[in-house]
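**Q** Please arrange chains B and C on chain A, whose structure you already have, making use of the hints.
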Amino acid sequence: MTSPADADLEVVHARRPRPRRGVSLRDAGPPVALVVVFGIFAALSPGFRTLSNVQNVLDAAAVLTVVTCGITFVLMMGSIDLSAPGIMGASAIAVALLVANNRNDNDYGLLGVVLAVLLGAGLGCLSGLALVTLKVPSFMTTLGISAVGLGVATLMFAGVQPNVSDRMLAGLAVERFLGLAHLTWIAFACVLVGWLVQRYSRLGRYAFAIGGAEEVLALSGVRVAPYKVAVFTMAGAFYGLAGVMVTSQLGAGLVQAGRGYDFSAIAAAVVGGTLLIGGRGGILHSAVGVLLVTVLTNGLVQVGVSPYWQGGVQGLIVVAAVAAAVIPQRRRNQVTK
Amino acid sequence: MTTNLTRPPGQRVPATAPALEVRGLVKHYPGVKALDGVDLVVRRNEVLGLAGENGAGKSTLLKALVGLVRPDAGEIWVRGEKVRLGSIADAADHGIGMVFQEQSLVPNLTAAENIVLGSEGPGVRHGIYRWNTMRRLAQEQLDKIGSHIDPLARTDSLSFADRQMVEIAKVLRIEERTSHPPVIILDEPTSVLESKEIETLFTQVRRLREFASVVFVSHRLDEVLDVCDRVAVLRGGRSVGEVPAADAAPAELHRMMIGSTGSDDHYHGAAAERPDEPRPRLVVRGLSGRTFRDVDLDVHAGEIVGIVGVHGSGREDVCRALFGAEPTTAGEVVLDGARLDLSGTRAACAAGIGYVPAERKTEGMVGPMSVADNMTLTKQGSRCTGPVVRPRKQAKLVDRWIERLSIRTPDRGTAIQRLSGGNQQKVVLARWLVAGDVRLLLLDHPTRGLDVGARSEVYRLLRELAGQGVAMVLLADSLEEAIGMSDRIVVMSDGRATTEVAAPADGKPTPLDLVKEMV
Amino acid sequence: MKFTSRHTAAAIGVTLAAATLTGCTEEVGGGGPAAAAGACDPADITLVGQVRNESNPYEAAWLDGGDTFAEQVGLTQQRLTYDGDSTRQQEQISQLLAGDTECLVMNVLPNGDSDTPPIVEGAEEAGAYLVTQWNKPADLNVTDYDHWLSHITYDGVESGRQIGDALAEAIGGSGGVIALQGVLDTGAAKDRFAGFEESLAANPEVELLDDQTANFSRAEALEVTKTLLTKHGEDIEGIWAANDDMALGALEALEQAGRTDVAVVGIDAVPDALTAIEEGTMTATVSSDGPWQGGIGLAIGYCVATGELAVEDIADEDRAWFAEQFLIDQDNVADFVSPEITESDFACDNLFSRSQGAMS
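Chains as they are written, first to last, in the working numbering: chain A, 1 to 337; chain B, 338 to 856; chain C, 857 to 1216.
A hint or two may mislead.
Reference listing, derived: stretches of chain B covered by chain A, where coverage requires no fewer than 3 residues with Cβ under 8 Å from a Cβ of chain A [as the list claims (entries may be wrong)]:
id : region
1  : 441 to 452
2  : 460 to 466
For each label pair, taking beta carbons as the anchor points, the in silico distance ranges come out as [claimed, not checked]:
id : chain 1 : residue 1 : chain 2 : residue 2 : range
3  : A       : Ala43     : B       : Thr835    : 53 to 59 Å
4  : C       : Asp1091   : A       : Ala28     : 56 to 62 Å
5  : C       : Thr932    : A       : Met168    : 40 to 46 Å
6  : A       : Val32     : B       : Glu669    : 46 to 52 Å
Please keep in mind that the hints were generated in silico from the structure rather than gathered at the bench. We treat Cβ as the ideally placed atom computed from N, Cα and C, and that holds for glycine.
Isolated chain A, as found in the complex (with noise of 0.2 Å):
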């Protein structure tokens, strides 16, 4: 080849973005978010920074934890899971209709338990079927799925609230190991369980790979569908258990136990750097995303902040703690949607 072509060459393949090196920056920027934010409220507020308002801030944080589980693997593959509320609500009635209550003469126990976890899975693989045989944009199936939960939940809750009087349940929101509630460790164990599939499981690892391009696994020869109805499944198991938690910490069986986890834990994955697309993101983002929306409302009611001014104060500094981490990202002209 001559020298001019040569150049040629170069002038012709110029251009095209250069792989991103700001990776560690944007990963980075929820945690800097997370302990700037403790740090000020530490700061301003003597009660804030005891230990049992930290303990307090992990227990409070439990539930939400495990729903965010679920739905982080959901937003991994680009979909959206609207059917929490559903889900956790016919688990938590479920369970608190199979253990030991006020309603009927069930005493199952762990059984129970398991049992309301299933129905959560199975009502979780409705909508991933739904999604893969029908084509239904997700956003649609889940929410159908939410409302045939929430069905499910008035029909078994028939006009009258069932208490629970099992011990073993009701335990687990008061009996505490090393300072923390036992639920807290619940959603500790999610955690590590979650975090093992997205790392070691071919389930998990597809999870990211369907949100990074899809098209590319079916290129290769691997059947998507399988896997996204696998992922509906076990995030309707973690919707399942945060149901049968919520039951726990309340002592009674509520429909309503699950009204606005969906939304709550979007957000919390969201501010914790899992893009809604997909294919970014992953289980500890989320717990660090569930962890600050957390501290934010403790530490807004530690420090006194008015409640008719909370709302709209913590809508701003999560909007400013997500513009600060991602303002090494930002350039000119780009799109957001």
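**A** Only chains B and C this time, still in chain A's reference frame:
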């Protein structure tokens, strides 16, 4: 592991039947005959080039070879055996694998995962990843092609060249499925690479030849001639001949591809008579930004000024900065005596500056929208139609420009993505012309991805616009293009405009003249 | 499945809604004034009770009260719920009004103040008899309408004050307390808290340490209370909650924190709160008597529809009135655990016996 580079070629299989043979392949799509009886022979241990204009049937042929397209008629023979390829997996079982033009790697997985994706084998047991095994499997593949990529690096942190290596390593996994030497198809593998990376790729291709057959597709003929042993040419879905690469010249291939001798005449049109304007239309002084410093530039009405430079010279960013799409730190830009606000693209639009971006599909057009809507997308365009789209007025306007630029589209309501690349580009250009007040056009690789015919049409259009007094800044797709089209050429190097070379029709510089200044 | 079929009905409602809107206007001329006289055969009367959710014990009890009244007069009540969704409530109403409205009696819990006017207008035009409860804009006057018979509500200021006083008494007249407010932009939350502030003014030794919102939710109250317990610790001697759900959430938080010395009060008298008062873990609540509400609204409509009561004969102060509420504490909780409906409450000459006066 069945193959080893040190093994002398030709020792494994008796060299009788060709590695791959295609006989009379036909494929119809509604209204189009994509393949009209193609014959092709790929010999063992050779690199076969495949050339043809856009629409010649190259991609359909390749898809048929890896089972993504079922031909209507014709036969595919692999090592003397007639085969029917129903899927990528089928093709892989017969030892045929393809590196797709759009890279087919999952960006957020590690290189190792991508290499073994879909055929993890012992890398995954009972659904659980065994990272060490995975890494070893991937390393074996990378060793085959002598690549030193870290198998556990995230794919999107690799350079494009490295990703290409990962693709090749991935394709070579088909060796696990068959004991025969594989046939590797590379579809436009150089389109995203820089020249050094291309050299590395060519080295790899030559290595592959030691134990495999390679089909190499590129729209750049010099590359094809450089790396291939033989070149087969397609035209209109038919094989029109083949030449040994050693004695072929690009011009000869060109002639085969388009059916007549390609002419570069359109290049050498003279600049329009420059009106006696004392001051240039565009005056740039001391423009500095992230990747460029102290750039001065003058462009007169009716003049085409090319900017050339190697990768990293900053010329793309200068071009975007003039449109307000790239932040600047110092300097001023004056258009027809008025200082230009560079803080955003609105001011540039309002001042009558048009920008044709390099990434046509993502930055230049809104794919699913109609030709008409794309053409009237900008501020100037909407000024013609008003804040509320007035369909009849828009239609009249759009139809006029469709006719003037001879844009081939079924009608103005057709989604732009259904048009050919050349016609898409004409619509993008027309967007800046509809308002009738465009004074400066910034052309960032306006002919990228266009075939020869479409290129000439774009060239002719640009010449015509220059004749009407539009000033243009051109970042050309090749040095020849820059030389042929420009009246003056500014060379950029390391973010500075270093030299200016006049390029009048009767005294064009040679590429060599420019290259000396570029490095 | 009950749930699903109701959704289907709602879905049909959507499609009918448009037709209805055009349909009503035509019916005005014939139906309206004639039916106001009220000459329905009791057997022709349709009774409808509409609330947000059957999964809310209080609202479920409301509908049960409606059933009891319906049985009393040999009819059945159509139970409607709209999941707290204003749009769905309007669709259900439109669908009802599109049918035979001459002898239709509706006892409605509007989702919010702003949902009341369209329901009232619709009923007026279609000639259906309507009683609303809890929510109505202050400037919408019942007396301006013929078919909107009555609006019943409770004096939230009074409820908030009553439990505030009970709380002050329970902690011995002095000490620190915290307040859990409802959804801040609702009238109920504002009134109840205003009542509590009156009570605080009357008990100067009681100190309000903190007030937070838990949005009427049991789960949120649990978290907020836990946080406030770590913030104020032993200083907290009492918890004022704007409804029983939040009071129950606070009780869970106290249990998890191992605190048994804190008095908790709420409003609504939901079954679990009554149980808690019986057990002594909760101090007091205020009953708004859901079953009575479910019955009384239908009873007023029924009496007018059958002609036993003329609209003109209802005194102006009985067109929009506060109903009597009862403070429930350990002494009288037994009377409320299984609320009994007194038939005489629903007799046409006794409908307004629980009035505490016209709405101010």
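**Q** All hints, please: hold or fail.
**A** Hints versus structure:
no. : hint                            : result
1   : 441 to 452                      : holds (count 7)
2   : 460 to 466                      : holds (count 4)
3   : A:Ala43 x B:Thr835: 53 to 59 Å  : holds (55 Å)
4   : C:Asp1091 x A:Ala28: 56 to 62 Å : violated (40 Å)
5   : C:Thr932 x A:Met168: 40 to 46 Å : holds (43 Å)
6   : A:Val32 x B:Glu669: 46 to 52 Å  : violated (39 Å)
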